[in-house]
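Keeping the supplied structure of chain U fixed, place chain Y with the ligands upon it in accordance with the hints.
Residue numbers (the working numbering), protein chains in the order written: chain U, 21 to 454; chain Y, 61 to 230.
Please note that the accuracy of each hint is not assured.
[As the list claims (entries may be wrong)] Chain U residues, not near chain Y, derived (Cβ > 10 angstroms throughout):
(1) Pro69
(2) Lys129
(3) Gly147
(4) Glu162
(5) Gln203
(6) Val208
(7) Asp244
(8) Arg249
(9) Gly276
(10) Gly310
(11) Met385
(12) Cys397
[As the list claims (entries may be wrong)] Some chain Y residues close to chain U (C-beta under 8 angstroms, calculated; not the full set):
(13) Leu113
(14) Ala118
(15) Asn125
(16) Ile126
(17) Phe128
(18) Glu129
(19) Gln136
(20) Arg140
(21) Ser143
(22) Ile145
(23) His147
(24) Ala148
(25) Asp218
(26) Ala222
(27) Asp225
(28) Ser227
Hints were generated in silico from the structure; no laboratory data involved. We put the beta carbon where it would ideally sit given N, CA and C, even for glycine.
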Amino acid sequence: MTPTFDPARYVRPDAVHSDAYTDEEVFRLEMGRIFEAGWVYVGHETEVPEKGDYRTTFIGRQPVIFARGDDGTIRLLLNRCRHRGATVCQDLAGNSTFFRCHYHGWTYKNTGELAGVTLPDGYAACGFDVKSLALRAAPRCESYRGFVFGSLAPELEPLDEYLGPAAGYIDRFVDSASGAGVQVRRGVTHRYRFRANWKLQMENTVDGYHPGFTHRSFFDMMSDQTGKRANPYFKRGESPIRSKALRNGHAALDFGAGRSAEEFGDTFYERVRNAPGAEDIFAEFRRELGAEVAQKELNRLIATGLNVAIFPNLGLIQSQIRVIRPIAVDETEVALYPTEVVGADPRMNYLRRRAQEVFFGPAGMGGPDDVEMFRRCQVGMAAGAVGWTVLARGYDPSVEESDGSEGDFAAENAQRAQYRQWVRKMSADAGAGA
Amino acid sequence: MTPEPTATSAEPTSRWTGQAARLLALEALLLDSRRYEEWIELFTEDGLYWIPLDRGAADAGESLNIAFEGPARMRQRVARLRSGIAHAQEPPSSTVHAYSSIIVTEADDSSATVESALVVVETRFGGQTVVAARCRHRLVRDDAGAVRIAQKRVELADLEQAQPDLSFVP
Ligand code: FES
Ligand SMILES: [Fe+2]
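Just chain U, with the same shape it has in the complex (with noise of 0.2 angstroms):
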């Protein structure tokens, strides 16, 4: 570590320093940190249902078991055997009783404890007691609403706190279908993998200006279909999007009530239309609600009119959770997870489904064009004798910028809090993330 790092280098109110992207000694510091002595976002207590139920992921660069133990307590065990470090657990997911290390044998249970160790005369002598070496549980996981989130470093303020007005935007999100929830189903997750710096997907995810030109290609795509204006939510003077920071670097692009306008082309009723047998459960709904109702209401419960980001990697767009893993200074995966409505018709998860593989995954037709551009910005970045890029939409120097603040659609004010938060966590007492 650099003792004498100072993150005011790379982040002014209004701009970050192409080096927080590009620099491998940034990127180290970030997951010691951020990602490793922070709250980040780790999988949905769905996932994990039943004692037993198990997912493999990581915090920062550390590889996790997140699993319910037979005890029905969920927890966060660091994949590492106390012996001399194998990784105890290989399947991305499923359900088990225990946990083995196949090297020399030791056996953990699904809670941690170490059940069993191979030839354990040999450790008569040596003067430590063996099964105390259970696997080392992340210190704290706690979880807001079914989301569960842990941190590697023990001193934190609860989860709760950290969220703080956010927290009613998850409300949101797990309510505005139907009131009884959302569920995610283990195992079934679009993934992609790209080169370029995790924040940039970060940024993304509550970025209101890009729309109207990244994704231009999809809402022409949808004028054509419908043979209306795809919709007013990326023009200004029309938007009815609010774009709000949220204290601690979360932030969220509210859509309001504005949605599903159904005067306009891009519609989520319009998005599935052309997914296999979407016709049917239309024709199906129209004859049960009645056409008018009908479409609203399929509006209402494809997906939700808002976008989320809980710093530093947790994303909640229209239906799916998403999060973000780096990988490298120059190298991302993001997990696009589709939410279910607990209770609903069949038919609308269906349809939910259809909305995220229109947009969405690595061969939607939106989600690649946001990844071209964080290609492209990587490559970009390396002409460092520019150094800084821009944040400045919506600033105004003359105002100290709060992190309750509220611009228009395309205003840079939720990016700019992130990056608030990050200089935060970067400013860490010397030590920590070393």
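Using the frame of chain U, we list chain Y with the ligands on its own:
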């Protein structure tokens, strides 16, 4: 599914073998030369193009997919790719699709199931991506004798892992 053709199906199977190989070769040619409109014409009007995420999934609709669509959506996809502003494909990838190990596993006079190995090498800005997959084509023959694709299912070899950009998929 039996890999070995049974005695009763031997005759239709041998008739399909050559046709299937020609159709897959044509598909590869059309895709690699970006003749996407002609490629879509290979599908039946109720045809399905399916790239699952759930290995072994029997029902595409019950799971999440990388692609799950019929000709209507495929035409939109191609129109978007041609728009000049589908940025992930500006400039476009160049691809080589190679089908091999083609085998007819089920056949009667009007339809057949064809299994194959697919390796796609995609290149853009000098980087090369290899996409390996098992494919299953469901082929049908109409009354006039023309062969069409009723379903194309592409199961990526590494579908549990993060995927590279697949925006070149038409
Ligand atoms: S490393 Fe696990 S038992 Fe030896
Ligand atoms: Fe986007």
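Evaluation of the provided hints:
no.: 1; hint: Pro69; in the structure: 18 angstroms, holds
no.: 2; hint: Lys129; in the structure: 26 angstroms, holds
no.: 3; hint: Gly147; in the structure: 44 angstroms, holds
no.: 4; hint: Glu162; in the structure: 27 angstroms, holds
no.: 5; hint: Gln203; in the structure: 14 angstroms, holds
no.: 6; hint: Val208; in the structure: 5 angstroms, violated
no.: 7; hint: Asp244; in the structure: 7 angstroms, violated
no.: 8; hint: Arg249; in the structure: 17 angstroms, holds
no.: 9; hint: Gly276; in the structure: 28 angstroms, holds
no.: 10; hint: Gly310; in the structure: 25 angstroms, holds
no.: 11; hint: Met385; in the structure: 6 angstroms, violated
no.: 12; hint: Cys397; in the structure: 12 angstroms, holds
no.: 13; hint: Leu113; in the structure: 5 angstroms, holds
no.: 14; hint: Ala118; in the structure: 14 angstroms, violated
no.: 15; hint: Asn125; in the structure: 6 angstroms, holds
no.: 16; hint: Ile126; in the structure: 5 angstroms, holds
no.: 17; hint: Phe128; in the structure: 6 angstroms, holds
no.: 18; hint: Glu129; in the structure: 7 angstroms, holds
no.: 19; hint: Gln136; in the structure: 5 angstroms, holds
no.: 20; hint: Arg140; in the structure: 5 angstroms, holds
no.: 21; hint: Ser143; in the structure: 5 angstroms, holds
no.: 22; hint: Ile145; in the structure: 5 angstroms, holds
no.: 23; hint: His147; in the structure: 5 angstroms, holds
no.: 24; hint: Ala148; in the structure: 4 angstroms, holds
no.: 25; hint: Asp218; in the structure: 10 angstroms, violated
no.: 26; hint: Ala222; in the structure: 4 angstroms, holds
no.: 27; hint: Asp225; in the structure: 5 angstroms, holds
no.: 28; hint: Ser227; in the structure: 4 angstroms, holds
In this structure, the hints that do not hold are numbers 6, 7, 11, 14 and 25, in rising order.
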